[in-house]
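Trainee: Line by line, the protein sequences give chains X and A. Here the first sequence stands for residues 1 to 294, numbered as in this note's numbering. Here the second sequence stands for residues 1 to 257, numbered as in this note's numbering.
Derived from the structure by calculation, the hints contain no laboratory data. Virtual Cβ for every residue (Gly too), placed ideally from N, Cα, C. Treat the hints with care, as some may be off.
Residues from chain X that keep clear of chain A, each with C-beta distances beyond 10 Å, as calculated [what the hints assert, rightly or not]:
hint : residue
1    : Pro60
2    : Trp127
3    : Gln133
4    : Ala172
Not everything, but these chain X residues come out facing chain A in the computed CB check (under 8 Å) [as the list claims (entries may be wrong)]:
hint : residue
5    : Asp2
6    : Leu151
7    : Gly184
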Amino acid sequence: MDLFLQLAATGLVVGSLYALCALGWGLIYGTTLHFHVAHGAIFTLAAYFAYAGQKLLGLPLAVAVIGAIAAAAACGLLIDLFIYQPLERRGAIRTTLFIASLGLLNVVENLVAIVFKPDPLRMDVGWLSNAVQIGPVFLTWLHLVSVATALAGYLGLMAFLKYSLWGRAIRAVSSSPEMARTVGIDLRRVHLLTYAVGSAISAPAGILVAMDVGADPYRGTTFVLLASVAVIMGGIGSIPGALLGALFLAMLENLGVWKIASEWQSTISFGVFLVFIVVRPRGFFGRKIHSAEI
Amino acid sequence: MSMAAESPIMSVKGLARSFGGIQAVNDCSFDVRPGRITGLIGPNGAGKTTVFNVITGFLGADRGSILLRGREILGLSPHQVERLGVVRTFQHLRLWSKMTVLENVLLGCATPAGENVFSLFLRPGAVRAEEARARERAMEVLEFFGLSGRTHEFAEDLAYPEQKLLSMARIFAADAPVMLLDEPASGLDGESLRRIVPLVRKLVEHGKTVLLIEHNMELISELSDDVVFLHQGRVLAAGAPAEITRDPALTEIYFGV
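Kindly produce the complete structure, drawing on both the sequences and the hints.
Mentor: Written out as structure tokens, the structure is:
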């Protein structure tokens, strides 16, 4: 039973990191319909920005983290501005954008590996790496910060979408881009904002992982893949769905280890994903959608 | 009253648009006069919706010109056309179904078009004041369309006639002088159909100019001040509704008899 609780707690922590990734990716996919795998590059860049801020520039941890989030948001915006938008203006179809995105992810990961070497780079996190015991469960302060960050990211995003003019514009574009344009919403500016916000929400996931186990050039790919699975499971266009999908996926992986050997983790998540995409392509909360549209 | 004396608020000239080998709109020219209701009619496939799509910037044109108060709007994108004063509804309503009635109209009232995204963080007070103004205006608009009782319901939960009203309310809120209505009466019957004529008239009383596509000939005669008859992408006739609907040649084309 103690093992079960420990696995559930780990599942919650990992799920929080997946959730941050999925919230950003899901916001971007739901609004722009770009299958933005280069979001994985944002995850990686955020980790290395934070590392570089602390270790190379000698900034205090908090400043390095905030700077890294801002820089990652800017990178997300620039990807849309200089890669996707020019392609769309020339009439590129969604597959073209996907291939461009895949290429970009690959280039960024390899550039990072060349500049920083492929081995994980550790950051100094001080007391955050100290253990906390909650009943039979052992976590670190950093793990608790991860859960709190995901919660704050989720609530902040929901409030932004619900109560701000720009947030409402994002929802309008996500729900009916034609109608949004008809009432005077500039699609391109809303897309840029969506990329900035989506990247800013996912950047902490990369940074938190770097703080916990080190920055790694290639981890972004795994995370963006899992984020897309979580979003499709949760239902495209649904922010609560992205959160739930991410937690569900992480719990599945971690509780699966209770009875099944850990090397089956990704088999479990992608197996369940296959069942979802065939049986219920709209996910938990999604709008009506057919498998072919994903 | 001489109609020719009024200068048009919008002038479509020599518009052409083809899809592959099909000439959907071909040398199409007509005027829309301010403060009037102009009905765009014609058999299926005459090019009416294509004309709407070109005017509002959703489609490009192969040739031609669209002047809005003397200014060329052809080639602009939809949000620019909106800002210059032309809004539209869609035949399939395209409501923001998961938003409330109020939110649907609020987006019409205040879009973050000219506003800087940084003011969200730097000038929260100004943003809040604008939000309050937009809310007040949205409530007025909902009152005007008789939807003020449904403010907080989701758009998807309204009955079809109310959804139809909402689709007009949110573009009315945008404060653009020219409203393009794509089949405002389709799918309506009984009481809701009878309410549509006075409602569109009321739009004009509030200073709007209306261009509408409609299939119901009775409604066209009752509603329009001017009628433009489109056939195979060309304007076959334009004039008072009585002239057009009584012309046996046009009736033959329209009903295919």
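Trainee: Any CB of chain A closer than 8 Å to the CB of X/Asp2?
Mentor: Not OK, violated: X/Asp2 not within 8 Å of chain A, min 43 Å.
Trainee: Next item in the hint list is X/Leu151. Is there a CB on chain A closer than 8 Å to its CB?
Mentor: violated, 21 Å
Trainee: Verify this label for me: X/Pro60 is non-interface relative to chain A, using a Cβ-Cβ cutoff of 10 Å.
Mentor: Holds, since 23 Å exceeds 10 Å.
Trainee: Against chain A, does X/Ala172 keep a CB gap of more than 10 Å to every residue?
Mentor: violated, 5 Å
Trainee: For X/Trp127, is the shortest beta carbon distance to chain A beyond 10 Å?
Mentor: holds, 31 Å
Trainee: Holds or violated: the hint that X/Gly184 contacts chain A, with Cβ atoms closer than 8 Å.
Mentor: Interface hint status for X/Gly184: holds (4 Å vs cutoff 8 Å).
Trainee: Would the least Cβ to Cβ distance between X/Gln133 and chain A come out above 10 Å?
Mentor: It holds; X/Gln133 is separated from chain A by about 39 Å at its closest Cβ, greater than 10 Å.
Checked against the numbered hints above, the structure violates hints 4, 5 and 6; every other hint is satisfied.
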